[in-house]
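A.B. asks: As you go down the protein sequences, you meet chains A and B in turn. So in my numbering, spot 37 of the first sequence is number 37, and the numbers just go up one at a time. Just remember that my numbering sits 1000 ahead of the position in the second sequence, which is counted from 1.
It is possible that some hints are incorrect.
As the list claims (entries may be wrong) - Okay, the calculated bits of chain A under chain B, using three or more residues with CB under 8 Å as the criterion: (1) 15-28; (2) 34-44; (3) 95-105.
Hint data in this document are derived by calculation from the structure and do not stem from the laboratory. C-beta atoms are modelled at their ideal positions from N, C-alpha and C, and glycine is treated no differently.
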Amino acid sequence: MPKVYFIEFSGTKHEVSIPEGTALMRAAVGHGVPGIDGDCGGQCACATCHVLVEPEWLEQTGTKTEMETSMLDFADSTQNISRLACQIALTQAFEGMTVRMPDGQH
Amino acid sequence: MAMIAPRTSRDEIDATPLAALDVSDPKHFVDGTMHAYFERLRREAPVHYCKESVFGPYWSITKYHDIMAVDANHKAFSSEPAITLLDPPSDKVLPMFIAMDQPKHDEQRKAVSPIVAPGNLANLEGLIRKRVIDIIESLPVNETFNWVERVSIELTTQMLATLFNFPFEDRRLLTHWSDVATARPVTVEQWEYRETELSKCLEYFVRLWNERVNASPTFDLVSMLAHAPATRNMPPREYLGNLILLIVGGNDTTRNSITGGLYFLNQNPCEYDKLRANPGVISNMVSEIIRYQTPLAYMRRLAQTDVVIRGQRIRAGDKVAMWYVSGNRDSDVIPDADRFWIDRPNARQHLSFGFGIHRCVGNRLGEMQIRILWEEILKRYPTVEVVGEPTRVPSSFVNGYLTLPVRISR
Ligand code: HEM
Ligand code: FES
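With the sequences and hints as input, model every part of the structure.
C.D. replies: Set out below in structure tokens:
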């Protein structure tokens, strides 16, 4: 059960323990962490699970598919540390990761 | 009051041979029987080919996950040259980014997206609320009036005028152009009328463009289009196309959700009671209203290659309708899908905004308008009573209402 941290745009921090294999988006929604909507249910088709990954964890999250890149391209305030949380499946190696939420999902 | 929606009997619907089913026929939407037809398609022919319709042959995709898969597959399913089943004569095509593929779509979408992004919406919230309050405080009491006209149209039109920074006193022109653009011309005269009216729209907006292009950029849609590198050299017809996209997108859809919401609450008194007891449920209810209404019944795509879905071979060049209005009632994915349930779990996971690269750019704005409206109504009027059946828009694309008679009693 890796433990990860979500930081809301307002600064509020949430600690969540997640079974391995769960997508980061599901973890947030399932624990009622505000700021991640997940409208498409994890199909990489809505970009309402946009998170900013702390730089030291970025490599661990792997590479983006073409679709994820396209969808992120339309999200607001996208940065080079942006990912869609539904596209990150958690393993023990993510223990201690921190991600931040943008000021809204669009 | 008794609410008797017109019904075609199940037997009658089941008696039609599958091959002859044409769900794109606006008559099913006018009499409100479309859901029964879609229910049969989902059950018997979820990927269905209709050989003959006024729009020519087309495929219907009716199950939730199939719709999502087609919508997200923009390489195999093109949005060009149009997103409704109607193919306009080639000289009447209006280029707009909803009906463009990558890369041009992406550039133009990015030029308008910031105005409806969450950060900017927060700035608009106060103004929207003020306008909502003005509209609902001027409603007549103890007399029957048309909710569509007095509330739904008025509010969405004011909102559009705000986004465009359009002269407020002329704002009903926006409603008019929206109606013209979504009507389905048949005769040559009707096409000519449409062209004439739309050229007046262009003329008006060119004037606004010229005023703003040389001024410093402001945060309204005209100024943004005039200044953004991706759009500032648009040919006039493309400017017109994108204006119409924003006018229709921001108008009909929210308008019909505002009307639908009130209608559904009246049809489901227990839900209305729940809302009065707990206004905290409004945000969730807004998503449920948008699902239940599905203001745009479908989007059309053009297959670029042969694709097999559920054993049916869709061929390159075939037209495909993704029926959001059907997928939103797919009980395999949405529990008890025919029920209007304001505190439904996962209410956001509906298809009404589409998915993939064309997913509605104005979704947060639409939701916000409807949310504020209900917050302010509840503070003033515990009940807005629907006192008769609505009349519906004769279209299988815009799923909406022309009239809804209501009464506020004091
Ligand atoms: C309840 C309200 C609304 C509904 C149900 C709705 C529905 C839709 C749908 C179904 C699409 C196409 C999605 C696809 O092809 O996958 C769309 C696209 C679009 N909508 Fe909305 N819409 C709403 C409100 C608005 C508002 C308020 C605006 C105005 C700012 C707007 C502007 C647009 C634009 C510009 C597009 C084209 C996006 C693109 O092609 O990239 N919509 N909308
Ligand atoms: S949940 Fe829709 S893109 Fe991640």
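A.B. asks: Going through the numbered hints above, which ones does this structure break? Give me the numbers in ascending order.
C.D. replies: 1
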